[in-house]
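Undergrad: Below are the chains, spelled out letter by letter.
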Amino acid sequence: MAMIEFAHVGKRYGGRFEALADLNFSVERGEMVFLTGHSGAGKSSVLRLLMALERPSRGRISVAGHDITNLHVSQIPFYRRQIGVVYQNHQLLYDRSVFDNVALPLIIQGAAPQDARRRVHAALDKIGLLHREKALPIELSGGEQQRIGIARAVVTKPAMLLADEPTGNLDPQLSADIMRLFEDFNRIGTTVLLASHDLALIARLRHRVLKLRDGRLIGDEGAA
Amino acid sequence: MSQTPRRSTEAAEKSRRGARSHRITFESRSRAWRRHHEQMAVDSLHRLRQRPLSSLMTMLAIAIAMVLPASLWLALSSAQLLDNNLDDSARMTLYLDPALSESQAMDITDRVRGDSDIASTELITAAAGLESFQQRLGMSDALAMMDDNPLPATILVQPRSRDPDAAQTLTERLGKIEGVTDARLDMAWLERLRELSELGRRVVLAFGVLFALGVLLVVGNTIRLAVESRRQEIEVVTLIGATHAFVRRPFLYVGVWYGLGGGILALLLLTVGRRWLSAPIDMLASGFGSHFSLPGIGLGGSVLLLICSTLLGLVGAWLAVSRHLADISPR
Ligand SMILES: Nc1ncnc2c1ncn2[C@@H]1O[C@H](COP(=O)(O)OP(=O)(O)OP(=O)(O)O)[C@@H](O)[C@H]1O
Ligand SMILES: [Mg+2]
Numbered sequence: 001m002a003m004i005e006f007a008h009v010g011k012r013y014g015g016r017f018e019a020l021a022d023l024n025f026s027v028e029r030g031e032m033v034f035l036t037g038h039s040g041a042g043k044s045s046v047l048r049l050l051m052a053l054e055r056p057s058r059g060r061i062s063v064a065g066h067d068i069t070n071l072h073v074s075q076i077p078f079y080r081r082q083i084g085v086v087y088q089n090h091q092l093l094y095d096r097s098v099f100d101n102v103a104l105p106l107i108i109q110g111a112a113p114q115d116a117r118r119r120v121h122a123a124l125d126k127i128g129l130l131h132r133e134k135a136l137p138i139e140l141s142g143g144e145q146q147r148i149g150i151a152r153a154v155v156t157k158p159a160m161l162l163a164d165e166p167t168g169n170l171d172p173q174l175s176a177d178i179m180r181l182f183e184d185f186n187r188i189g190t191t192v193l194l195a196s197h198d199l200a201l202i203a204r205l206r207h208r209v210l211k212l213r214d215g216r217l218i219g220d221e222g223a224a
Numbered sequence: 001m002s003q004t005p006r007r008s009t010e011a012a013e014k015s016r017r018g019a020r021s022h023r024i025t026f027e028s029r030s031r032a033w034r035r036h037h038e039q040m041a042v043d044s045l046h047r048l049r050q051r052p053l054s055s056l057m058t059m060l061a062i063a064i065a066m067v068l069p070a071s072l073w074l075a076l077s078s079a080q081l082l083d084n085n086l087d088d089s090a091r092m093t094l095y096l097d098p099a100l101s102e103s104q105a106m107d108i109t110d111r112v113r114g115d116s117d118i119a120s121t122e123l124i125t126a127a128a129g130l131e132s133f134q135q136r137l138g139m140s141d142a143l144a145m146m147d148d149n150p151l152p153a154t155i156l157v158q159p160r161s162r163d164p165d166a167a168q169t170l171t172e173r174l175g176k177i178e179g180v181t182d183a184r185l186d187m188a189w190l191e192r193l194r195e196l197s198e199l200g201r202r203v204v205l206a207f208g209v210l211f212a213l214g215v216l217l218v219v220g221n222t223i224r225l226a227v228e229s230r231r232q233e234i235e236v237v238t239l240i241g242a243t244h245a246f247v248r249r250p251f252l253y254v255g256v257w258y259g260l261g262g263g264i265l266a267l268l269l270l271t272v273g274r275r276w277l278s279a280p281i282d283m284l285a286s287g288f289g290s291h292f293s294l295p296g297i298g299l300g301g302s303v304l305l306l307i308c309s310t311l312l313g314l315v316g317a318w319l320a321v322s323r324h325l326a327d328i329s330p331r
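Residue numbers (the numbering used here), protein chains in the order written: chain A, 1 to 224; chain B, 1 to 331.
I should point out that these hints are in silico values taken from the structure, not numbers from a laboratory.
Predicted model, so just to flag it, every value in this text is computed and none were measured.
Where is the CB? At the ideal position from N, CA and C, for every residue including glycine.
There is no bait here: all hints are sound.
Computed, partial: chain B to chain A, Cβ under 8 Å:
(1) E233
(2) V237
(3) L239
(4) A242
(5) T243
(6) S329
Working from the sequences, and respecting the hints, build out all of it.
TA: Here's what the structure looks like:
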C-alpha cells in the first residue's frame with residue numbers, strides 16, 4: 001500500500017489562480033523522495049496539503065490508505081500526530097528550552113513525563129545536541145536550530161517525515177549533514193518527502209525526484 | 001568492532017517500533033489530561049503575575065462591572081426587607097372628628113374593638129399625637145406657638161385577616177361609623193411598594209445582563225490580545241497536532257483567573273462601600289426611629305457572585321480563542 005497517493009489533485013488560491021493542477025503520484029512506504037521545481041512551482045503547496053493545512057480544490061489525497069481530503073476539523077490534530085514535519089524557518093518556540101521544544105509533541109499527545117524525557121534524550125542524542133538540551137533555541141546556530149526541528153519531528157517516531165526546504169539557509173557542509181540525518185531516518189523505515197531546490201545536493205544523493213513546474217508534475221526520475 | 005552488530009539490531013528494533021505508532025492507554029491519557037490542566041492553571045496564574053498592573057486593571061474593570069448590578073440588587077433586597085416588615089403591620093388608620101371629646105373617642109374605640117374582624121386597636125388622642133409629633137421632629141417650639149392642636153385623634157386598627165380585599169371592605173365599613181371622618185388602608189402604598197420592587201427587579205435584571213456583556217467584552221478583548229501575543233506558539237502547537245481544547249486550555253485558565261480575581265475585588269468593593277455608607281444611613285434611620293441598616297451580600301451572595309464572575313471570565317475567554325481558532329482552520 002502506498003504511503004502517499006495524489007489522484008488528480010488541484011489547488012486554487014482565491015478561486016482563480018491554479019497553484020497545482022491534476023497532480024498524480026504516489027510514494028511507497030519507506031521511500032525517500034525529493035520534490036523540486038522553480039520558486040512558485042507548488043512544492044510547499046503539496047506539503048501543506050499533506051499536512052492538512054489546506055484542502056485540495058479537486059482530486060483526492062490518501063495517506064497510509066486513509067483519505068485525508070475531507071478530514072473533519074476535529075480529526076486533523078490526530079492525523080498530524082502521525083507525521084513529522086521539518087520547516088525551513090524551524091518553527092521553534094523561542095521562549096522554551098531545547099528540551100521543551102523537542103518534548104512538545106509528546107506533551108501534546110499526553111506522554112508520561114519519564115517516558116517523554118527518555119525519548120527526548122534519545123532524539124537529541126541522535127542529532128548530536130544532547131549537551132544543549134537546556135539552551136534556548138536563540139543561543140544555537142541556524143544549522144543547530146534546524147536539527148532541533150528535526151529532533152522534534154522524529155521524537156514521536158512518525159511513519160512519515162515531511163520537510164520544506166530544510167537546508168534553505170545552510171552552507172553546503174551543513175546541508176549535507178542534515179540530509180544524512182534524513183537518510184538515517186529513512187533507513188529505519190520512515191517515509192521521507194523533502195521539498196528542495198538545491199539541485200546540486202539532490203543530484204548527489206541519488207533518490208527519487210519529483211519535478212514540478214507551474215503546479216504540474218513534469219518529471220519523476222530515479223525511482224529506487 | 002563489536003559495535004556494528006549491536007547497532008543493526010537496534011536499528012531493526014527501531015524500525016519495528018517506528019512502523020506502528022506507540023500506544024497510549026486511556027488511563028495514562030486521562031492522567032496526562034489532568035497533568036496538563038494543573039500545569040496550565042499554574043502557568044496562566046504565573047503569566048498574570050508577570051504583568052501585575054495590567055492584570056489588576058482587567059480584574060478591576062470586571063469588578064466594577066459586577067459591583068454595579070450587585071449593589072442595585074442589594075438595595076432592592078433591602079427594600080424587600082422593608083416591605084416584609086410592613087407586611088405584619090398592614091393596618092388601617094381611622095381619623096376622628098376633632099370636635100369629639102376624649103371620652104367619645106374612647107367609646108368609638110371600644111365599639112371598633114368589639115368587631116369580630118378586628119384583632120386590636122390603639123387610640124392615639126389628639127394630645128398624644130401632638131406630643132409624639134413634637135418629639136419626632138423636634139419642632140416643639142413651632143407647635144407650641146399654635147393655640148389649637150391641629151391634629152385629630154386617630155385609632156390604629158389591626159385587622160385579623162391579611163387578605164387585601166377583606167381589608168378593603170373592612171376599611172369602607174369603618175369609614176361609615178359616626179364620628180370617623182376618614183378611614184385609610186395603609187395597604188395602598190404597600191401595593192405601590194410592591195410594584196416599585198417589581199420595577200426594581202427588572203432594572204437589576206437589565207443592568208445585570210448589560211454588565212455581564214461588559215464583563216464578556218473586557219475578558220474577550222484581553223484574551224484576544226493574549227492570543228495575539230502568543231500567535232506563533234498557537235501556530236506551532238497546532239502544526240504538531242494540538243487539539244483545539246489543548247490550545248484553548250491556557251487561555252481558559254487566564255479567563256477563569258481574571259473572573260475570579262474580578263469577583264473577589266467586587267466583594268471587596270462592596271464591603272468597603274457598605275462600611276462607608278453605613279454611618280450616614282444609621283444616622284438617617286435613627287432619625288426616623290428605625291433600626292434599618294444596609295444588608296451585606298452574605299455568604300450565599302458572595303459565592304453566587306464569584307461563580308458568576310468566574311463563569312463570565314471562562315465564557316469570554318472561550319469566545320475569544322474560538323474566534324482565533326476558526327480563523328486558522330484549513331479552508
Ligand atoms: N495562500 C496563498 N494564497 C494565494 N496564492 C498562494 C498561496 N500560497 C501559495 N500561493 C501561490 O501558489 C504558487 C505555489 O506556491 P508554493 O508556495 O507552493 O511554491 P513553492 O514551490 O514552495 O515556491 P518556493 O520555492 O518559492 O517556496 C505560487 O505562485 C504562490 O504565489
Ligand atoms: Mg515553498
